[in-house]
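Student: One letter stands for each residue in the lines below.
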Amino acid sequence: GNSVTQMEGPVTLSEEAFLTINCTYTATGYPSLFWYVQYPGEGLQLLLKATKADDKGSNKGFEATYRKETTSFHLEKGSVQVSDSAVYFCALDNQGGKLIFGQGTELSVKP
Amino acid sequence: EAGVAQSPRYKIIEKRQSVAFWCNPISGHATLYWYQQILGQGPKLLIQFQNNGVVDDSQLPKDRFSAERLKGVDSTLKIQPAKLEDSAVYLCASSLLGQSHTFGSGTRLTVV
Numbered sequence: 002g003n004s005v006t007q008m009e010g011p012v013t014l015s016e017e018a019f020l021t022i023n024c025t026y027t028a029t030g031y032p033s034l035f036w037y038v039q040y041p042g043e044g045l046q047l048l049l050k051a052t053k054a055d056d057k058g059s060n061k062g063f064e065a066t067y068r069k070e071t072t073s074f075h076l077e078k079g080s081v082q083v084s085d086s087a088v089y090f091c092a093l094d095n096q097g098g099k100l101i102f103g104q105g106t107e108l109s110v111k112p
Numbered sequence: 107e108a109g110v111a112q113s114p115r116y117k118i119i120e121k122r123q124s125v126a127f128w129c130n131p132i133s134g135h136a137t138l139y140w141y142q143q144i145l146g147q148g149p150k151l152l153i154q155f156q157n158n159g160v161v162d163d164s165q166l167p168k169d170r171f172s173a174e175r176l177k178g179v180d181s182t183l184k185i186q187p188a189k190l191e192d193s194a195v196y197l198c199a200s201s202l203l204g205q206s207h208t209f210g211s212g213t214r215l216t217v218v
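If you read the protein sequences in the order shown, they are chains D and A.
For the first sequence, counting from 1, position 92 maps to 93 in our numbering; every step adds exactly one.
For the second sequence, counting from 1, position 39 maps to 145 in our numbering; every step adds exactly one.
Calculated directly from the structure, the hints in this document are not laboratory data.
Since this is a predicted model, take the numbers as computed values, not measurements.
Hints may contain errors.
Computed cross-link-like contacts, DSBU-like style, restricted to lysine-lysine with a CA-CA straight-line distance of at most 35 Å [what the hints assert, rightly or not]:
no., chain 1, residue 1, chain 2, residue 2
1, A, Lys-121, D, Lys-50
2, D, Lys-50, A, Lys-177
3, A, Lys-117, D, Lys-111
4, A, Lys-121, D, Lys-61
5, A, Lys-117, A, Lys-184
6, A, Lys-150, D, Lys-111
7, D, Lys-50, A, Lys-150
8, A, Lys-121, A, Lys-189
9, D, Lys-50, D, Lys-111
10, D, Lys-53, D, Lys-69
11, A, Lys-150, A, Lys-168
12, A, Lys-117, A, Lys-189
13, D, Lys-50, A, Lys-184
Per label pair, the in silico range of CB-to-CB distance [unchecked claim]:
no., chain 1, residue 1, chain 2, residue 2, range
14, D, Thr-71, A, Glu-120, 47 to 55 Å
15, D, Asn-3, A, Pro-167, 17 to 25 Å
16, D, Gly-10, A, Lys-184, 27 to 35 Å
17, A, Ala-126, D, Glu-43, 21 to 29 Å
18, D, Ala-18, A, Trp-128, 40 to 48 Å
19, D, Asn-3, A, Ile-144, 18 to 26 Å
20, A, Gly-134, D, Lys-53, 21 to 29 Å
21, D, Ala-18, A, Asn-158, 46 to 54 Å
22, D, Thr-71, A, Thr-182, 37 to 45 Å
Glycine included, C-beta positions come from ideal geometry on N, C-alpha and C.
Make the full structure from the sequences, and use the hints.
Tutor: Printed below as a string of structure tokens:
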């Protein structure tokens with residue numbers, strides 16, 4: 002069946018460092034792909050999405066490109082801030098709107 | 107617009123007791139989901155409603171879990187009897203048909 006695999010955390014970075022969180026997926030067809038962010042004590046918030054191959058989703062300085070050839074949707078940000086500390090989840094649309102999530106990657110940004 | 111409301115925020119119960127969670131989706135959102143998020147894992151779908159009908163409950167442990175969405179608006183998720191492994195955050199989400207999920211803040215259940 003369809004699945005999502007994320008790089009394990011926690012990831013610890015200094016402020017203004019470059020961020021990459023790897024995400025690969027297994028799916029039949031070409032599902033929509035998502036990144037969600039979960040701040041401490043809060044629910045998940047949609048960060049960005051891409052609906053077809055080669056699409057680039059972007060929001061708040063974060064970017065991810067839908068790569069069909071490598072079945073990947075890696076999350077990147079050029080300069081992280083302390084306020085970006087959170088857990089990040091990669092997900093795919095498993096037909097009919099249902100989401101399959103990766104296990105999450107915790108990011109900690111130090112000043 | 108108001109977000110997805112869930113209650114309670116926290117619940118502690120003993121194993122074999124019953125518990126119920128409530129969700130009020132965003133007004134007009136026909137699709138409602140319940141996810142279970144065990145500590146250190148990503149959320150896993152339990153059940154999906156379209157209006158007041160069940161679309162997918164294949165991952166719902168029906169021997170102990172039940173859910174309903176009367177009148178196609180609010181929804182309740184019940185566990186009876188609870189087991190230790192049911193300790194998790196239960197997330198409700200809603201969406202317009204074919205659109206992205208909006209999640210509530212979740213209910214953190216601890217079974218002791």
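Student: Holds or violated: the 21 to 29 Å window for the beta-carbon distance between A:Gly-134 and D:Lys-53?
Tutor: Holds, at about 27 Å.
Student: Tell me if the beta carbons of A:Ala-126 and D:Glu-43 are separated by a distance inside 21 to 29 Å.
Tutor: With Cβ atoms ~23 Å apart, the hint holds.
Student: I want to verify a distance hint. Is the separation of the beta carbons of D:Ala-18 and A:Asn-158 within 46 to 54 Å?
Tutor: holds, 49 Å
Student: So if I understand the rule, the pair passes when the alpha-carbon distance is 35 Å or less; does A:Lys-150 with D:Lys-111 pass?
Tutor: holds, 31 Å
Student: Go ahead and decide if the range 27 to 35 Å is satisfied by the Cβ distance of D:Gly-10 to A:Lys-184.
Tutor: holds, 33 Å
Student: Between D:Asn-3 and A:Ile-144, does the C-beta distance stay in 18 to 26 Å?
Tutor: Given range 18 to 26 Å: holds, Cβ gap about 19 Å.
Student: Go ahead and decide if the range 37 to 45 Å is satisfied by the Cβ distance of D:Thr-71 to A:Thr-182.
Tutor: holds, 43 Å
Student: For the range 40 to 48 Å, tell me whether the beta carbons of D:Ala-18 and A:Trp-128 fit it or not.
Tutor: Between D:Ala-18 and A:Trp-128, where Cβ atoms are some 42 Å apart, the hint holds.
Student: Would you check the hint for D:Lys-53 and D:Lys-69, treating anything up to 35 Å between C-alpha atoms as holding?
Tutor: holds, 9 Å
Student: Are the Cα positions of D:Lys-50 and A:Lys-177 separated by 35 Å at most?
Tutor: Judged against 35 Å, a Cα distance of about 31 Å means the pair holds.
Student: CA of A:Lys-117 to CA of A:Lys-189, is that 35 Å or under?
Tutor: holds, 14 Å
Student: Given the hint that A:Lys-121 pairs with D:Lys-50, test it: the Cα-Cα distance must not exceed 35 Å.
Tutor: violated, 39 Å
The structure shown violates the earlier hints numbered 1 and 4.
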